[in-house]
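Engineer: Residues per chain, in single letters:
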Amino acid sequence: MTGEAIAFYVLAAITLSAGTVVATSPNLMHSAVALIPALLGITGLYVLLNAEFVAGIQVLIYAGGITVLILFVIMLTEGGTGLHIRQRNEQAAVAAAVAAATAAVLVAVASRTPWAHGAGTLPSYTPGAIGQSFLGPNLPLFEGTSVVLLVALVGALLIARKEIRE
Amino acid sequence: MITLGHYLVLSALVFGLGLYAALSRRNAVAMLMGIELMLNAANINLVAFNKYAAPGAMQGQIFALIVITLAACEAAVGLALILAAYRRFETTYVDDLHLMRW
Numbered sequence: 002m003t004g005e006a007i008a009f010y011v012l013a014a015i016t017l018s019a020g021t022v023v024a025t026s027p028n029l030m031h032s033a034v035a036l037i038p039a040l041l042g043i044t045g046l047y048v049l050l051n052a053e054f055v056a057g058i059q060v061l062i063y064a065g066g067i068t069v070l071i072l073f074v075i076m077l078t079e080g081g082t083g084l085h086i087r088q089r090n091e092q093a094a095v096a097a098a099v100a101a102a103t104a105a106v107l108v109a110v111a112s113r114t115p116w117a118h119g120a121g122t123l124p125s126y127t128p129g130a131i132g133q134s135f136l137g138p139n140l141p142l143f144e145g146t147s148v149v150l151l152v153a154l155v156g157a158l159l160i161a162r163k164e165i166r167e
Numbered sequence: 847m848i849t850l851g852h853y854l855v856l857s858a859l860v861f862g863l864g865l866y867a868a869l870s871r872r873n874a875v876a877m878l879m880g881i882e883l884m885l886n887a888a889n890i891n892l893v894a895f896n897k898y899a900a901p902g903a904m905q906g907q908i909f910a911l912i913v914i915t916l917a918a919c920e921a922a923v924g925l926a927l928i929l930a931a932y933r934r935f936e937t938t939y940v941d942d943l944h945l946m947r948w
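As you go down the protein sequences, you meet chains A and B in turn. Sequential numbering of the first sequence, starting at 2, is according to this note's numbering. Sequential numbering of the second sequence, starting at 847, is according to this note's numbering.
Calculated directly from the structure, the hints in this document are not laboratory data. Model, not experiment: these values are computed from the prediction. A virtual CB, placed ideally from N, CA and C, is assigned to each residue, including glycine. Check the hints yourself; a few may be wrong.
Here chain B is said to cover these stretches of chain A; the calculated rule only asks that three of the stretch's residues, wherever they fall, bring their Cβ under 8 Å from a Cβ of chain B [claimed, not checked]: (1) 5 to 16; (2) 41 to 50; (3) 55 to 68; (4) 91 to 100; (5) 103 to 112; (6) 119 to 131; (7) 138 to 147.
Residues from chain A that face chain B, not an exhaustive set, calculated with beta carbons under 10 Å [unchecked claim]: (8) Leu29; (9) Ala35; (10) Pro38; (11) Ile71; (12) Phe73; (13) Leu154.
Under the rule of at most 20 Å between Cα atoms (straight-line distance), these lysine to any residue pairs were calculated in the SDA-like manner [said to hold, decoys possible]: (14) Lys897(B) to Val152(A); (15) Lys897(B) to Ile881(B); (16) Lys897(B) to Ser134(A); (17) Lys897(B) to Ile58(A); (18) Lys163(A) to Phe935(B); (19) Lys163(A) to Glu936(B); (20) Lys163(A) to Val149(A); (21) Lys897(B) to Ala117(A); (22) Lys897(B) to Trp116(A); (23) Lys897(B) to Gly129(A).
Given only the sequences and the hints, what does the whole structure look like? Please build it.
Structural biologist: Here it is, written out as structure tokens:
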């Protein structure tokens, strides 16, 4: 096995085992903390795929931001692990069947399709190419995303503020 | 030799885990964690296709960055909604939030 294959299988094992904990753990805090290794495993995959900039953003926003936000909300609402209460609904068996079927179909399609290999090579410095693209052909996309961010920020503040009752 | 198929299979498995979490959890925060896993599975696909199917273009990585941004928006608004619902109903378990259920 090459180094790339070893790295891929190690990162895949980390991601899948941590993802299993996220999906099945009866302890909410364990689920939320297991989200961090799952996202960091995916970060490693981005590095393997020569997407260093996406990997950095993934660490900053997902592993650093969203996970901390989720932990905050768990502590603000339940204030604990949720171990004293049932965490799975009555449809858990159906949910498992649906998820397994979806994954099986996706795996079958992905492994049977003969994927074409595209022309060209990745630029040697991908952050530069991404910046050029965001300020060049993808400028409307970039500006649209910033408007969405602003709307989400205002909306989240408005929804989460304390209601004033007179 | 790691091919595009390896990444697609891994991403399908992560998507399955996220779908299971989103469908079977009772806690709204845990459902949101499942949705984050599904978004990450889609991102793995985008970046893998960028490297193997269209290495000349950067669109895959650009889409992945946009998806990460929108996931952050979705998490912020979703968690704000959960906080507001908790203030009003004192619960974050979605089957207890049945005010508008028939």
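Engineer: Next step is simple, just say for each hint if it's right about the structure.
Structural biologist: Hints, one by one, checked against the model:
no. : hint                   : result
1   : 5 to 16                : holds (count 5)
2   : 41 to 50               : holds (count 5)
3   : 55 to 68               : holds (count 7)
4   : 91 to 100              : holds (count 7)
5   : 103 to 112             : holds (count 6)
6   : 119 to 131             : holds (count 9)
7   : 138 to 147             : holds (count 3)
8   : Leu29                  : holds (6 Å)
9   : Ala35                  : holds (9 Å)
10  : Pro38                  : violated (12 Å)
11  : Ile71                  : holds (6 Å)
12  : Phe73                  : holds (8 Å)
13  : Leu154                 : holds (7 Å)
14  : Lys897(B) to Val152(A) : violated (33 Å)
15  : Lys897(B) to Ile881(B) : violated (25 Å)
16  : Lys897(B) to Ser134(A) : holds (16 Å)
17  : Lys897(B) to Ile58(A)  : holds (18 Å)
18  : Lys163(A) to Phe935(B) : holds (14 Å)
19  : Lys163(A) to Glu936(B) : holds (14 Å)
20  : Lys163(A) to Val149(A) : violated (24 Å)
21  : Lys897(B) to Ala117(A) : holds (12 Å)
22  : Lys897(B) to Trp116(A) : holds (12 Å)
23  : Lys897(B) to Gly129(A) : holds (16 Å)
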